[in-house]
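Colleague: In order, the protein sequences belong to chains C and W.
For what it's worth, the numbering used here labels the leading residue of the first sequence as 2, then goes sequentially.
For what it's worth, the numbering used here labels the leading residue of the second sequence as 2, then goes sequentially.
Think of the hints as simulated: they come from the structure by calculation, not from any bench.
Nothing false has been slipped in among the hints.
Which copy is meant is left open, so a pair is good if it fits within one copy or across any two.
Here are the simulated lysine to any residue pairs, SDA-like style, with alpha carbons at most 20 Å apart:
no.: 1; residue 1: K247; residue 2: Q279
no.: 2; residue 1: K247; residue 2: S278
no.: 3; residue 1: K314; residue 2: A53
no.: 4; residue 1: K163; residue 2: G174
no.: 5; residue 1: K247; residue 2: I274
no.: 6; residue 1: K297; residue 2: W99
no.: 7; residue 1: K326; residue 2: T345
no.: 8; residue 1: K297; residue 2: E280
Because the structure is a prediction, the values reported are computed rather than measured.
Protein chains: 2
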Amino acid sequence: MANEPSMESASAVGRALDVLFADGKSIRFEDCWLRDHCRCSSCYHSDTFQRAHHILDIPDATILSFEFDKKKIDVVWSDNHTSTYTAEFLSKFDYKTWKESRRLKPILWHGSIHDKISVVPVEKFLHSVEGAKHVFQSLLDYGVALVEGVGVSLEATEIVCKALGGVQHTIFGGMWQFTTRADHADTAYTNLPLAAHNDNTYFTEAAGLQILHCLEHKNGTGGETILVDGFHGALELKKENPEDFKFLSSFNLEAEYIEDGHHHTYSAPVIRIDNESQELVQIRFNVYDRAPMAFKNSEECRSYYRSLRNLSKYYQDPNNQWRFKLKPGTVMIMDNFRVLHGRTGFSGSRVLCGSYVARSDWLDKARALGLIQ
Amino acid sequence: MANEPSMESASAVGRALDVLFADGKSIRFEDCWLRDHCRCSSCYHSDTFQRAHHILDIPDATILSFEFDKKKIDVVWSDNHTSTYTAEFLSKFDYKTWKESRRLKPILWHGSIHDKISVVPVEKFLHSVEGAKHVFQSLLDYGVALVEGVGVSLEATEIVCKALGGVQHTIFGGMWQFTTRADHADTAYTNLPLAAHNDNTYFTEAAGLQILHCLEHKNGTGGETILVDGFHGALELKKENPEDFKFLSSFNLEAEYIEDGHHHTYSAPVIRIDNESQELVQIRFNVYDRAPMAFKNSEECRSYYRSLRNLSKYYQDPNNQWRFKLKPGTVMIMDNFRVLHGRTGFSGSRVLCGSYVARSDWLDKARALGLIQ
Chain C
2 MANEPSMESA
12 SAVGRALDVL
22 FADGKSIRFE
32 DCWLRDHCRC
42 SSCYHSDTFQ
52 RAHHILDIPD
62 ATILSFEFDK
72 KKIDVVWSDN
82 HTSTYTAEFL
92 SKFDYKTWKE
102 SRRLKPILWH
112 GSIHDKISVV
122 PVEKFLHSVE
132 GAKHVFQSLL
142 DYGVALVEGV
152 GVSLEATEIV
162 CKALGGVQHT
172 IFGGMWQFTT
182 RADHADTAYT
192 NLPLAAHNDN
202 TYFTEAAGLQ
212 ILHCLEHKNG
222 TGGETILVDG
232 FHGALELKKE
242 NPEDFKFLSS
252 FNLEAEYIED
262 GHHHTYSAPV
272 IRIDNESQEL
282 VQIRFNVYDR
292 APMAFKNSEE
302 CRSYYRSLRN
312 LSKYYQDPNN
322 QWRFKLKPGT
332 VMIMDNFRVL
342 HGRTGFSGSR
352 VLCGSYVARS
362 DWLDKARALG
372 LIQ
Chain W
2 MANEPSMESA
12 SAVGRALDVL
22 FADGKSIRFE
32 DCWLRDHCRC
42 SSCYHSDTFQ
52 RAHHILDIPD
62 ATILSFEFDK
72 KKIDVVWSDN
82 HTSTYTAEFL
92 SKFDYKTWKE
102 SRRLKPILWH
112 GSIHDKISVV
122 PVEKFLHSVE
132 GAKHVFQSLL
142 DYGVALVEGV
152 GVSLEATEIV
162 CKALGGVQHT
172 IFGGMWQFTT
182 RADHADTAYT
192 NLPLAAHNDN
202 TYFTEAAGLQ
212 ILHCLEHKNG
222 TGGETILVDG
232 FHGALELKKE
242 NPEDFKFLSS
252 FNLEAEYIED
262 GHHHTYSAPV
272 IRIDNESQEL
282 VQIRFNVYDR
292 APMAFKNSEE
302 CRSYYRSLRN
312 LSKYYQDPNN
322 QWRFKLKPGT
332 VMIMDNFRVL
342 HGRTGFSGSR
352 VLCGSYVARS
362 DWLDKARALG
372 LIQ
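So here's chain C without its partners, still in its complex pose (with noise of 0.2 Å):
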């Protein structure tokens, strides 16, 4: 490294030490967070990066003297306890690197997205850190990536998702297919169009990435992909429909599924934002599983009608979408808590496979990768 963290100078500050840098930065660091963070092995498991204390045995303990030189800090505790802190590890804890460093940064899109976003031969991915990256850094960035060369099997298919983070297992079975025919009844399998939407809006937590590998397309035409990015357009209506953007943000929806033996429910905001940081975290949209709800009034229930209105326009607007036609061979795979996904009606006999991967996994596959704190 260019510049290794260095120390220019620590004083004491009350209970706390004020350390100055020499990069300019200067953090304080409060007697509690110092002795919580000793990182002596008696006080922390260096295999497990965990405490070895629990929050109320860590003594309540003071500051009784320190040394400091460029690289470290020796304190002494008034329980005499010594502890030592390089500057490489209390530099980390500069609050405005350190929070940004936690954001994630999607960049938005509208329209075609196909000359952006990362198409990675499928032995690259399974086999190079590179071709790993592509696809995630394409997912971070996107919410889209497409995997191309993979056998069309249900069996090749699954090899990817295993790759993305692990098969999630719902109600519907951990890898599924489905095929369906012209002359099918008017269930939610047909070969209808279906408009953008989030899968799993009743589950308590949605599918993190939905993939989807189409086996086969025979006899018939139709069958386009739209993806259009929920985040976007939930930031358009912020912009235009301010108040809409208010009312879906806080106003909790209920979505359902319901099938023999069973009924999956909840309810939660269409925009869900954080509460600290005020960011987009996820975007909970399907007008099609939407249960029936009560209002608490007559302005609640037009506000309700009102905003999703407006939000889907957005949505169903084919210049904020990207439509095209997936081919046997070539993996999509999506972040269903940010991008909606739908389909053209069309005709012939369509076969297609996939899975889910749970948030958590895909995001621990990126940060074991380097690409996100």
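Model the placement of chain W on the given structure of chain C, informed by the hints.
Modeller: Using the frame of chain C, we list chain W on its own:
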């Protein structure tokens, strides 16, 4: 039914219909709501319980005329569509009753609850609706249930886990079995005491249920299970230290889990309350898995330590805990969103197996049994 819903009167008020029911309830139905909830075969798939129209394709029509009797209302719309609504259907949407029907009603507890929770023989749980209801009602009420007479093996335990909603697959596997061998980078894989905690605070969604079955404890003592009601603790904190409750329900505490190839991390409040209802949703308390964090200022840092310590004091107080010895054959099930678990230190050879069940999956089971809406 003694009192089938019956309508006394219906009148147009602006674009809405006011309906007075025989039991004295009065409900206002906006025209947009009514049209969205038309249950005719072209508007609604009664087999999938889904609407047939996208929200943008529902005509923004007004009510031309309506006729009612005690049992139903027929509406003619400005686009000549007609809809029929039964009194039974409409009466469900009284706001207060509807909202209340969706509220979970945990029974708070502290100390031993061995005479309160359900202890159900495995055959009864697996093969009778009554047995299943006992187990799930106990989980809804107290966050704990026991199933006894289970075969002392991972395979027999798995059958119980599947009946609870299905085995959740995480980085720890599906069904897991552990001794004091350090298979994972975690204090759980030692013989040290483990203070009461929630699992998976570092996942975007923690496990819904945790299932534990002690298959063997030979040549040693100790290893008592510790359970404590996280909700009761949080509400006691709210009474005694309201500023701590406020801090822990709004501050995003970061938790982490690190092992070779894996890095899970998640930031959310320790006390999760519903934005709308202000009711407790989840406790996310694990002092071991706290990530090192930077703070905005000294006050935030000191609030963090003060509030965590005050909440810890409640959870660590033996008067608030239920302690008992798990025996082979009895499977313990707890709601990991609410109940904290731990153990006392032990000697000898101890083998446990178990798994997680996703929250959506066990609530689905409870809902299919008619225990919750």
